[in-house]
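Novice: These protein sequence lines map, in sequence, to chains Z and L. Using this note's numbering, the final residue of the first sequence is 146, and nothing's skipped along the way. Using this note's numbering, the final residue of the second sequence is 633, and nothing's skipped along the way.
Distance windows between CB atoms, simulated:
1) L:R213 to Z:D89: 31 to 41 Å
2) L:E349 to Z:V142: 49 to 59 Å
3) L:P431 to Z:D129: 51 to 61 Å
4) Z:R71 to L:K489: 41 to 51 Å
5) L:R172 to Z:N115: 48 to 58 Å
6) L:A216 to Z:R117: 42 to 52 Å
7) Z:Q7 to L:E429: 53 to 63 Å
8) Z:K135 to L:P431: 45 to 55 Å
9) L:Q168 to Z:S116: 49 to 59 Å
10) Z:R117 to L:A418: 21 to 31 Å
11) Z:Q7 to L:Q221: 46 to 56 Å
12) Z:K76 to L:K489: 51 to 61 Å
Read the hints as simulated data drawn from the structure, not as lab findings. Quick reminder that beta carbons are idealized off the backbone N, C-alpha and C, glycines included.
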Amino acid sequence: MIALGQQHLTEIRAHGERDYPYECCGLLIGRFARDGTKLVLETYPISNAREEAAKRNRFLIRPEELLRGERYAREKKLEVIGFYHSHPDHQAVPSQYDLEHAWPTYSYIIVSVSNSRAEDLWSWEMQPDRSRFNKEEIEEFVGADL
Amino acid sequence: MTIMISIPSALRQFAGGQSQIQVEARTAGEALEQLTATHIELRRHLFSDQNALRNFVNVYVNDEDIRHAAGADTQLKDGDTIMIVPSIAGGAAAEQEVVEELPMLSREEIARYSRHLIMPEVGMHGQRKLKAASVLMIGTGGLGAPTGMYLAAAGVGRLGIVDFDVVEASNLQRQIIHGTRDVGRRKTDSARDRLRDINPHIEIETHETRLTSENALRLFENYNIIVDGTDNFPTRYLVNDACVLTGKPNVYGSIFRFEGQASVFWPSAKNASGACYRCLYPEPPPPGLVPSCAEGGVLGVLPGIVGAIQANETIKIILGAEDILVNRLLLFDAWQMKFRELKLRKDPRCPVCGENPTIKELIDYEEFCGLRAEPQARESRLEEITATELKRRIDRGDDIQIIDVREPHEYEIARIPGTKLIPLSQIVNRLNEIDPSRETICHCKGGVRSAKAIDALNRAGFPGRLINLKGGITAWSNDVDPTVPTY
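The task is simple: from the sequences and hints, build the whole structure.
Specialist: Quick look at the structure:
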């Protein structure tokens, strides 16, 4: 299960709409709770200025960018707990390609954006045997409840 | 050398919860081997089934990517640190979403498809995609025969076949899905039996009907991919338009004599805006200009080659392969044994797949191809005789001459006794060899070319009376003299 604040969901959706028809992406920063729940405390948008290259190799976040994000998280005593990206004009479902390029434990949030409007938003977690993604329950909290 | 490896948070559960692990190694490759030897569960997340470092997994030695150094052979010093960092993939699926609900393979299926399964490009996952896929084949003739057989053998889960014809002896030279004992049977029945024999694990759906503007959209809706194995222009345009309107890929092939073409027409393809058949050929040729295989002949192997290419591309579409024949027209010449390739471009003004389409529903394709009005006009001028009537007149001793306008090699296969051979292409030049004072019967194989010959003679001012043998030598063989072979 992953818990996000209302404002984080709003930010992810807004990022997807802003970058439409291109894909947007970013990091989910927060902490792993003892019961395995992931708690998002911050979204970390990643600029996607290299659209042409990204289209070819389909990697949205390069390792250097992830390292930078991890360093930022560490300074705040937090961790990168997952990623989000948008599927312009496409379902919020991971592809076979996504499956071959993922790790378990992380949350992969996908928001589908059609005609500049964010629609479905789902979170996915890879099964440890790498055979499939499972839909992950999203719990929405209001900022002050922490 | 003592090396410290940082374990990324996502993988710690596979490393006993540790965030750092110490190993002894001289190279980066050795360090990873050490790590995954003690923590076996980690291995599958770092290495592919082929034992290569997964392409999204990046390994840093003291902040330097080993891909920029010596890769796995990158040398290590005492006290170096290794970090493992993923790249994050994105992008909507190029292929259909297949994460959930792909059918499983039985033991028998795994044994049957083993040559597919051991190739990473197909593998278990690809084979399950094939099983989940459905393909509709238009026609089970020269092209449909090899396409259907290979798709069935490959394990495409549901195959639909549309045909309304009956197997004839002249089909067997190339339509290898049908056998000698099938002559006279419906092609759909014969094809179904053959496909079922090749692979009992797949579903076969027969549609014993002519494809029409009324039924095409409904039929296409139920399948992922359409394979065009038709032999005439109205159906080819119909298949194209119905594919564009339903968003299905149209795997196209055509054949004539020694030459074949293949392409994939797919305007709604992901990552590419593909041309459709109308972008390539906006207008059909004038009726009669391009002869059919029945008139012009076809090398029996040719549809085997072109149909196999169609099957190949169909399978690649299902597997989500990248280099399919979208925007590429493959030309093949079997006599010269040459392949050529033309680049196709989507026409923004295309009436069906362009920016402002004018064709939004299926039209009358016979009319579009000019095949409706013309025969009536011709009939009104053309005098005809049936084979039995001709026989009666010959037996009666009427003073008639018979001109055979076919080609010499056809004349060698079969002829009507007492005829004179003047091929259609020479008819006007050799007009003086025909006696205008006698009644003249013209014939060919089926009656089309002889009607053209009469038209040409009339226009050239031939003064005599010209009569067309209805149904040509084929009718003669069927109705008068069965010892004359049909071909």
